[in-house]
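Chemist: Generate the whole structure from the sequences, applying the supplied hints.
One point on numbering: in UniProt numbering, the residue at position 169 of the sequence shown is 169, and numbering is uninterrupted.
Nothing false has been slipped in among the hints.
Label pairs and their in silico Cβ distance ranges: (1) Asp62 - Lys314: 38 to 46 Å; (2) Asp120 - Gly57: 27 to 35 Å; (3) Gly57 - Gly137: 34 to 42 Å; (4) Asp146 - Glu243: 23 to 31 Å; (5) Ser98 - Arg52: 17 to 25 Å; (6) Gly137 - Ala279: 38 to 46 Å; (7) Pro49 - Ala237: 25 to 33 Å; (8) Lys321 - Ala39: 29 to 37 Å.
Derived lysine to any residue pairs resembling SDA-like cross-links, with alpha carbons at most 20 Å apart: (9) Lys308 - Tyr127; (10) Lys163 - Pro247; (11) Lys45 - Val186; (12) Lys313 - Glu243; (13) Lys88 - Asn152; (14) Lys40 - Ile53; (15) Lys265 - Val293; (16) Lys204 - Trp291.
Hints listed in this document are in silico derivations from the structure and should not be mistaken for laboratory results. Think of the CB as a built atom: it goes at the ideal place given N, C-alpha and C, for glycine as much as any other residue.
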Amino acid sequence: MAPSVFITGATGYIGGDALYAVHSKHPDWSYAALVRDKAKGEQVKAKYPNVRIVLGGLDDFDLIKEEASKADIVIHTADASDHEGAAKAIAEGLGSHSKERPGYWLHTGGTGILTFSDSDAERYGEYDPKVYNDLEGQHELTSLPDHAFHRNVDKVVLKAGTKHSDVVKSVIICPPCIYGPGRGPVWQRSRQLPTLAQKTLELKKAPIIGAGKAIWNNVHVHDLGDLFTLYAEAAAAHNHDAELWGPKGYVLAENGEHAWGDAAKAAAEAAAKAGYIPAPETTNMSKEEAWEVADFQALSWGMNSRGKAFRAKKFLGWQPKAPSIWEEIPELVKREWEALQQN
Numbered sequence: 001m002a003p004s005v006f007i008t009g010a011t012g013y014i015g016g017d018a019l020y021a022v023h024s025k026h027p028d029w030s031y032a033a034l035v036r037d038k039a040k041g042e043q044v045k046a047k048y049p050n051v052r053i054v055l056g057g058l059d060d061f062d063l064i065k066e067e068a069s070k071a072d073i074v075i076h077t078a079d080a081s082d083h084e085g086a087a088k089a090i091a092e093g094l095g096s097h098s099k100e101r102p103g104y105w106l107h108t109g110g111t112g113i114l115t116f117s118d119s120d121a122e123r124y125g126e127y128d129p130k131v132y133n134d135l136e137g138q139h140e141l142t143s144l145p146d147h148a149f150h151r152n153v154d155k156v157v158l159k160a161g162t163k164h165s166d167v168v169k170s171v172i173i174c175p176p177c178i179y180g181p182g183r184g185p186v187w188q189r190s191r192q193l194p195t196l197a198q199k200t201l202e203l204k205k206a207p208i209i210g211a212g213k214a215i216w217n218n219v220h221v222h223d224l225g226d227l228f229t230l231y232a233e234a235a236a237a238h239n240h241d242a243e244l245w246g247p248k249g250y251v252l253a254e255n256g257e258h259a260w261g262d263a264a265k266a267a268a269e270a271a272a273k274a275g276y277i278p279a280p281e282t283t284n285m286s287k288e289e290a291w292e293v294a295d296f297q298a299l300s301w302g303m304n305s306r307g308k309a310f311r312a313k314k315f316l317g318w319q320p321k322a323p324s325i326w327e328e329i330p331e332l333v334k335r336e337w338e339a340l341q342q343n
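Modeler: Set out below in structure tokens:
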């Protein structure tokens, strides 16, 4: 019997691409998508006629709990790393499954959780040698400080997948800076890099926070979609390898890293080469100035978030193959320029 999938965020960037990736390989599976807006639900339905639209939002606890209880696999991407109520609803819903029919939870985290050291020290734009590791250093990732960004929701997922590991098989898929055009039915734009390119075009100079030496990992959204697919397939095959779920189910999803100063310079160079700005100039900003430009998105350009993705490669054979961030930046700048011309 084909597995049933309940997905949140199908109209968003990550969820839209995850739905595309999984559905493309498994159109015969049963799908239900939580959608807040009826018109957007119709867009999802137009592209995927066999997807059942569940109208509701993340605050609809009982609705989410019910859908999670009925699904074999939950792919949670809609504000997943920050909405604690929705996570608790999924945990309760999946908790009604049985040992004979466990529920599988593919939860979207975010490596913003690794920026807590910079936030604590009020340190922006400086290099940090600390690099996390989701294989040998997995316990460290599941024991981060409670005040770290996203940590409150991480704890809900980890508790469900650890305390009730025979019934709930959970994994936190934790992407860093995501880039590339999404393939979802509604939203195809990410945040950090597009906003950097947008502000470069508006200011006619690329913004650099502090010294520009802070480093983040990155991943193409198509490679991230492939990872969701591999995990969904593991769930459908009832692959209960302890290295994939529960206490060890914390997976970094990266394929390289960049210094934010270098990314800003690349955006300025691409914009100048295309004739969108006069010259490939940059401008250094303080934390306060960056906040005025693009609030937390801009602050993230000054913080470090570094980790190595070994787990999915070793146990699922995940092999990122999409274009690199440096190959993508010129096209990204072009898309942002075209969007600005339409406004």
